[in-house]
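Could you put together the complete structure from these sequences and hints?
Order-wise, the sequence lines are chains A and B. The working numbering numbers the first residue of the first sequence as 14 and each following residue consecutively. The working numbering numbers the first residue of the second sequence as 14 and each following residue consecutively.
The set of hints was computed from the structure by calculation and includes no laboratory data. Keep in mind that this is a model prediction, so the values were computed, not measured. It is possible that some hints are incorrect.
One copy or two, either will do: identical chains are not told apart, so a pair holds if it fits within one copy or between any two.
[To be verified] With a cut-off of at most 25 Å between alpha-carbon atoms, the simulated BS3-like pairs for lysine-lysine come out as follows: (1) K77 <-> K23; (2) K174 <-> K23; (3) K209 <-> K129; (4) K129 <-> K57; (5) K57 <-> K139; (6) K227 <-> K129; (7) K174 <-> K227; (8) K23 <-> K222; (9) K174 <-> K222; (10) K77 <-> K30; (11) K222 <-> K289.
Number of protein chains: 2
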Amino acid sequence: MSIQETESVKEFGGFLKRYTHQSSSCNCEMTFSVYLPPLAETEKVPAVYWLSGLTCTDDNFRTKAGAQRYASELGIALIIPDTSPRGDDVPDEEDRYDLGKGAGFYVNATQEPWSKNYQMYDYVTKELVELAEQNFPIIPGVRSITGHSMGGHGALICAFKNAGMYQSVSAFAPICNPVNCAWGEGCFGAYLGDDKSIWNAYDATELVKNGAEKLPVLIDSGLDDEFLADQLYPQNLQAACDAADFPITLRMQDGYDHSYHFISTFIGEHLAFHEKQLRS
Amino acid sequence: MSIQETESVKEFGGFLKRYTHQSSSCNCEMTFSVYLPPLAETEKVPAVYWLSGLTCTDDNFRTKAGAQRYASELGIALIIPDTSPRGDDVPDEEDRYDLGKGAGFYVNATQEPWSKNYQMYDYVTKELVELAEQNFPIIPGVRSITGHSMGGHGALICAFKNAGMYQSVSAFAPICNPVNCAWGEGCFGAYLGDDKSIWNAYDATELVKNGAEKLPVLIDSGLDDEFLADQLYPQNLQAACDAADFPITLRMQDGYDHSYHFISTFIGEHLAFHEKQLRS
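Following this line, the structure appears as structure tokens:
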């Protein structure tokens, strides 16, 4: 699997890089970014995967979250994929921001016309991990995952569906129960069809109800988030975790919204949380 | 002078806000942003003014530099103006990124059609300062200034032209000798006319040659900056400062480019530098 470097920028003593490659999962060219801290010049480092939210590419996080400072200090790599397949040959709903390109929702689509390309779950949990561990100085198998909104959902399901694959998971304003919110229903219906029992396999709350393996979980969600009441449902995940005796840290942050200003405020604590697990 | 708040977002415990107002200097509606740290809720704080580079608005810095974290920790306010007058009635060169809107160059234009609106020097050093000190919990007269590229030039000339007005000045990849580079020649010619003796009053290197008052100066410039050789000329400013026995700290940073990734790497050190002067 070959990747092509398209950009390399020095930041906080390390390097922020961008790559393109032909994806076997998504059957199109994909782009991702990587931040390698200074420590990676002399030894292999742990990796934290970041999954972005609706409408984003790999660029939003690397530009706006301020994460590279902490990754540099903590000596961890950041792996930052796109949110969907891309290209002229990839199906889209051009009038919608919440379906198609920019809205892959980290599932493996089974329905036409999406199934050929919208295999973001396999892309993130298999192909990208193999690419990263083959091509960069990161420690194989020592990884955590985090993300925002749709990507917070993605991070949670990737961890809950793959026992032992990630040392920890965190999320910013995640969509915690997508089978019960409009964003999730719209995408799951299109990508997965009408059988809601299949949807549950990509829903963090339902996965916990069905016995997801316990691992360290940190979630921040803003109390002034405009999507909190109708789309995110952290209380449903908390209730499922309580019922399953699965301790998670869910912090409802007073005054914070859904933006990258919220993410930037807490990304340092999230990366420190992961680093502690990754080096324990 | 009334200002209208158009946005308020919580970040690092403080608030990032945006305002519009009718500018008496620029004869148009202007937009600026302010970050108020948590400390500003209980006492007045020092202010650091940030001047952005070509093509920017107030949004680039607040989104991409990662400065709010440090401002929150240090207890300083950030005041972030736009780079030029704006609006349908403001003259522009639509085919050029380096003249007209987004390229005010922090001078007071004397030439038609620019002179009515392009009064960015007065805007930044007088009108904005009065607005800020009237409307926000910042300590009157306790201020520093910094900026990037065209805005680094702006920061340096604002400090060098106004003895005692700023406690310190810093700059990222500043245009140090604009009368001798294409960007500066293009804008100064258009805004100020052909008399180059007038240009010198807005040139950091020339101001030092002509006896600018000494104050603490910190400059970072990247050795991989694509504009270093042809537009920035830090060596000219260093030579002028050496000849004037004006000690400055000029750091040429190995491997860094002209981007906000470079700014983000060093903005914390710059704000700490200013905070030390502002609270001494």
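Outcome of the hint check:
For the identical chains of this complex, K77 and K23 are neighbours both inside a copy (16 Å) and across copies (15 Å), given an alpha-carbon limit of 25 Å. For a Cα distance limit of 25 Å, the shortest separation of K174 from K23 qualifies neither inside one copy, at 35 Å, nor across copies, at 34 Å. Taking the shortest alpha-carbon separations for K209 and K129, only the intra-copy value of 21 Å comes in at or below 25 Å, while the best inter-copy value is 64 Å. Taking the shortest Cα distances, K129 and K57 never come within 25 Å of each other, neither inside one copy (35 Å) nor across copies (59 Å).
Proximity of K57 to K139 under the C-alpha cut-off of 25 Å is restricted to the intra-copy arrangement: shortest distance 20 Å within a copy versus 53 Å between copies. Taking the shortest Cα distances, K227 and K129 never come within 25 Å of each other, neither inside one copy (33 Å) nor across copies (66 Å). Taking the shortest Cα distances, K174 and K227 sit within 25 Å of each other inside one copy (11 Å), while across copies they are farther apart (63 Å). In the homo-oligomer, the alpha carbons of K23 and K222 never lie at most 25 Å apart, since the shortest distance is 44 Å inside one protomer and 34 Å across protomers.
In the homo-oligomer, the alpha carbons of K174 and K222 lie at most 25 Å apart inside one protomer (12 Å), although the nearest pairing across protomers, at 67 Å, exceeds that limit. Taking the closest pair of Cα atoms, K77 and K30 come within 25 Å of each other both inside a single copy (15 Å) and across two copies (17 Å). For the homomeric pair K222 and K289, neither the shortest alpha-carbon distance inside one copy (27 Å) nor that between copies (54 Å) is at most 25 Å.
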